[in-house]
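From these two lone chains plus the hints, build me the complex, please.
Now for the letters of each chain:
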Amino acid sequence: MSAVIVSSEGCHLNSGCGFPAPSADIFFLEPYATLHIAGMDFVIGKTTILVALVALVISVFFLAAARPQRMVPGKLQSIGEQGYLFIRDQIAREVIGKDGDRFVPFLGALFFFVWLSNLMGVIPGAQFPIMSSLAFPVALTLVVYATYLYLGMKHQGPIKFFSAAMFPAGVPKAMYILLAPLELLQLVVTRPVTQAIRLFANMFAGHLLITTFTVGAYYLLSPSIIGALGSATSFGVTVVLTGFEMFIQFLQAFIFTLLTAVYIGGSLHAEH
Amino acid sequence: MSLLAELTGSIGSIGYGLAAIGPGVGIGIIFGNGVQAIARQPEAYGVIRQNMILGFALTEALALIGFVVPFVFGK
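Chain order of the listed sequences is D and E. Number 51 in my numbering belongs to position 51 of the first sequence; there are no gaps in the numbering. Counting the second sequence from 1 gives a position; my numbering is that position plus 1000.
Just chain E, same shape as in the assembly (with noise of 0.2 Å):
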């Protein structure tokens, strides 16, 4: 089979930045949801804020896991 294309160099400072995409758009909306709801209800900042970071901890790990995996698949 005859190769049509290449893709040669760090490829995965390319991968990571495709990884963060979806975490960014995802961390985007958390937040901006999350400033929403406090602004709304007050009174309500414990549970939202724990929620908040909840939320987020749990998307980041999307971006983080696409920084480390080139470290250990990479070449």
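With the rest of the complex left out, here is chain D (with noise of 0.2 Å):
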């Protein structure tokens, strides 16, 4: 964001310079250092040291609110296992079942730390939703993918997992040469693509549309009736949007969790 805000210097409406707009340039940071290790640049950034932020945050959270554990909670215990009890009673056992139980530590770390990752996007001094780096979203999901493949595969065994998959019951048999093809790409391509794409293009769309109002109202700044004016509609559009975003990332790590259970689910129960 500082980028852009750097390039629109003294760029007021009535200056002479078009609005300038931002584009998918404001997701490449400067980085703060690049090592260079055996061939490989590891670039240390703002999102890498937000992620290590984030990561240290929920870790020591969790561990402070389960340490002493307490007939009656106080209030660090109270919340840690309120949002446990969110993830068990709202996600693990309404998706999955009974079984779900040893599931939840998974299902919470992924929600807890998508969530965070995404606040990151609202919270002044960050201003940078993780989440819109491809790179997190991809990363996240290949340990689904691969969780819920080799859950199907040692549940179900590896040749009824996908035949299972590939052949839903109650079909005419002739469908299936249609049918078939197009559930395995569903189940190998399709899902784990989705999944990180919806991730990583809201959060993307979310902080280009404050960033494009918050341009806006430093662009419409100036000593002059309309761009005074435009310029207070558009702060307010930004303080508006920035309460529906932060809806949104909640959602959104909600949907990502719910849609993780859903595909254990998918794998330790045949027919669902």
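In case anyone wonders, no lab produced these hints; they're calculated from the structure. Positions of the beta carbon are idealized from the N, C-alpha and C atoms, including for glycine. Heads up, some of the hints might be wrong.
Listed next, the stretches of chain D that the computed footprint assigns to chain E, with coverage defined by at least 3 CB atoms under 8 Å from CB atoms of chain E [claimed, not checked]: (1) 34-48; (2) 255-266.
25 Å max Cα-Cα, derived SDA-like pairs, lysine to any residue [as the list claims (entries may be wrong)]: (3) Lys154/D - Gly1032/E; (4) Lys46/D - Val1072/E; (5) Lys75/D - Asn1033/E; (6) Lys173/D - Gly157/D; (7) Lys98/D - Ala1044/E; (8) Lys98/D - Val1072/E; (9) Lys98/D - Ala1020/E.
Next up, the structure:
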């Protein structure tokens, strides 16, 4: 975002230059340092630091909430329990069923990591949703992908797992010619790709939208009635959108975890 | 072959607008029917909401792919 502000420096409504609309460039931040290890470049930038921070905050919070387990929970412990119960009752038991309880730590870690990463998009000072860099949703999705493929092959056997997905019951035999390749493609390609793209694109679009209105408020700021009103309106829209964006961030983290639970549930029980 | 018609400018924006029509209708149907189902059977709220969000997520993916593709393939 800083790059945009610098390039639009002194660029206001009546100063002759057009509206410097932000583009996808705002997602490629200047790296702080680049390490060359074994012929590969490891970049340390804002995103790297934020990811480490998110991981640290979640680990410390849940360790602190879980360590002194009392019968009458303190403030920290009851917040931690609320989070745990939310994952267990709303996602694990609702979707997977009885044996969903052993996936609560996995789902919980996933949910809180994604949610806090998204939340970095609106926290002042950070203001960069980590999940708007495609690499992070892809990495998380690969973990989920490996998990449900492994679970499916372990619980149903490799052949039955794929054949159950490719030949759903209650379909006329002739339809399988058309259906089987599509179902296989859905299981192996479409699922992980859409799961990663959904999270990435939502954060990408939201951040771009907020940035556009922020730059708009700055651009319209000029000593004229239209400029002042437009700037105030644009700023107001930014505030409203930030609230909306926080809702979307929570929803996307929830959907990501919900889909993970659905896929795991599908791997555990054949007929679904 | 002579060129009959040409389209220039931000075609990506138009493409996104077109890509959003289907999911727009779809999401409307999903939430409309979901709310109707909850109104008819409030005790099944949990299951209905879960399936509603699931359907929403799957439909919305189409619009989001339409949003991302111009950034990827656009000049």
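Right, here's what the structure says about each hint:
| no. | hint | in the structure |
| --- | --- | --- |
| 1 | 34-48 | violated (count 0) |
| 2 | 255-266 | holds (count 4) |
| 3 | Lys154/D - Gly1032/E | 39 Å, violated |
| 4 | Lys46/D - Val1072/E | 23 Å, holds |
| 5 | Lys75/D - Asn1033/E | 40 Å, violated |
| 6 | Lys173/D - Gly157/D | 24 Å, holds |
| 7 | Lys98/D - Ala1044/E | 19 Å, holds |
| 8 | Lys98/D - Val1072/E | 43 Å, violated |
| 9 | Lys98/D - Ala1020/E | 38 Å, violated |
The structure shown violates the earlier hints numbered 1, 3, 5, 8 and 9.
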